[in-house]
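Novice: Listed here are the chains, written in short residue letters.
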Amino acid sequence: DQQVKQNSPSLSVQEGRISILNCDYTNSMFDYFLWYKKYPAEGPTFLISISSIKDKNEDGRFTVFLNKSAKHLSLHIVPSQPGDSAVYFCAASEAGNTPLVFGKGTRLSVIA
Amino acid sequence: GAVVSQHPSRVICKSGTSVKIECRSLDFQATTMFWYRQFPKQSLMLMATSNEGSKATYEQGVEKDKFLINHASLTLSTLTVTSAHPEDSSFYICSARDPRRANDSPLHFGNGTRLTVT
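Same order as they appear, the protein sequences are chains P and Z. Using the working numbering, the first residue of the first sequence is number 3, and each one after it goes up by one. Using the working numbering, the first residue of the second sequence is number 456, and each one after it goes up by one.
Where hints are given, some of them may not hold.
[What the hints assert, rightly or not] In silico DSS-like cross-links for lysine-lysine, where the CA-CA straight-line distance does not exceed 27 Å:
1) P:Lys7 / P:Lys70
2) P:Lys56 / P:Lys7
3) P:Lys73 / P:Lys58
4) Z:Lys469 / Z:Lys519
5) P:Lys39 / Z:Lys469
6) P:Lys73 / Z:Lys519
7) Z:Lys510 / P:Lys7
8) P:Lys70 / P:Lys39
9) Z:Lys510 / Z:Lys496
10) P:Lys106 / Z:Lys519
11) P:Lys106 / P:Lys70
12) P:Lys73 / Z:Lys510
13) P:Lys7 / Z:Lys496
Rather than coming from a laboratory, the hints here were simulated on the basis of the structure.
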């Protein structure tokens with residue numbers, strides 16, 4: 003049973019526009035949420051995170067929104083750049099030094 | 456920032472042989488490391504939690520006798536795939552948290568090991 007779901011396997015966006023990647027979760031014990039970027043044959047690279055006590059966290063072009071009541075989070079990238087093309091994984095963890103649970107990923111293609 | 460190094464990045468072995476993958480935390484000590492596996496176009500799935508000085512904790516469905524984990528020091532965890540079979544071919548990735556940061560901090564991942572069993 004998937005605890006973290008990314009229902010869109012792929013997304014294509016024009017350069018300069020906004021990319022919105024979505025993620026849903028089912029485990030109400032999750033209290034820390036993250037987005038990772040991954041290229042083939044490489045480990046995931048941390049992008050941005052949000053604690054369950056917040057509903058928004060912004061870092062440059064990246065913003066993560068958390069809606070706890072809906073168990074939904076999203077990653078906004080604006081403006082999108084061709085270098086953002088990669089697979090983006092949503093992940094979540096419970097409190098403490100616990101492992102991350104990953105979604106299946108969304109492949110983002112930013113077209114110049 | 457915190458760096459996790461993994462070696463080798465790629466290995467090809469024959470069926471029935473064993474392969475050892477090393478994971479090192481380069482600028483921090485990690486009492487706990489997490490090993491993941493990713494099959495093509497799939498998610499990263501947690502295999503086991505490696506604990507320094509004690510036995511690893513394996514996820515359901517992961518054979519502990521096949522995937523031997525040794526966390527002998529605070530900076531090194533190893534995963535040995537014993538008697539490898541073609542179905543073990545996958546991308547193995549280790550990760551750890553920097554203990555100098557709060558527990559709700561990101562996991563830092565190694566660059567992964569692509570294992571191909573022929």
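Novice: A separate judgement is required for each hint: does it hold in the structure or not?
Specialist: Do the hints match the structure? See the list:
Pair hint P:Lys7 plus P:Lys70 holds up; C-alpha atoms about 15 Å apart against a cutoff of 27 Å. Taking the CA atoms of P:Lys56 and P:Lys7, the gap is near 20 Å; set against the 27 Å cutoff, the hint holds. Distance check on the hinted pair: P:Lys73 and P:Lys58 sit about 14 Å apart at the alpha-carbon level, within 27 Å; holds. A distance of roughly 21 Å separates the Cα atoms of Z:Lys469 and Z:Lys519; the hinted pair therefore holds under the 27 Å criterion.
Among the hinted pairs, P:Lys39 with Z:Lys469 is inconsistent with the structure: their alpha-carbon atoms are about 32 Å apart, more than 27 Å. For the hint linking P:Lys73 to Z:Lys519, the alpha-carbon distance of about 34 Å lies beyond 27 Å, and the restraint is violated. Between Z:Lys510 and P:Lys7 the CA atoms are separated by roughly 31 Å; this puts the pair beyond 27 Å, and the hint is violated. Only pairs whose Cα atoms come within 27 Å are accepted, and P:Lys70 paired with P:Lys39 is accepted, the gap being roughly 23 Å.
Distance hint between Z:Lys510 and Z:Lys496 is unfulfilled; the C-alpha atoms sit about 31 Å from each other, more than 27 Å. Our distance criterion of 27 Å between C-alpha atoms is met by P:Lys106 and Z:Lys519, whose separation comes to about 25 Å. Pair hint P:Lys106 plus P:Lys70 holds up; C-alpha atoms about 20 Å apart against a cutoff of 27 Å. Restraint check for P:Lys73 and Z:Lys510: the C-alpha separation of about 34 Å exceeds 27 Å, so the hint is violated.
Of the supplied pair hints, the one linking P:Lys7 and Z:Lys496 holds, its CA atoms being roughly 14 Å apart against a limit of 27 Å.
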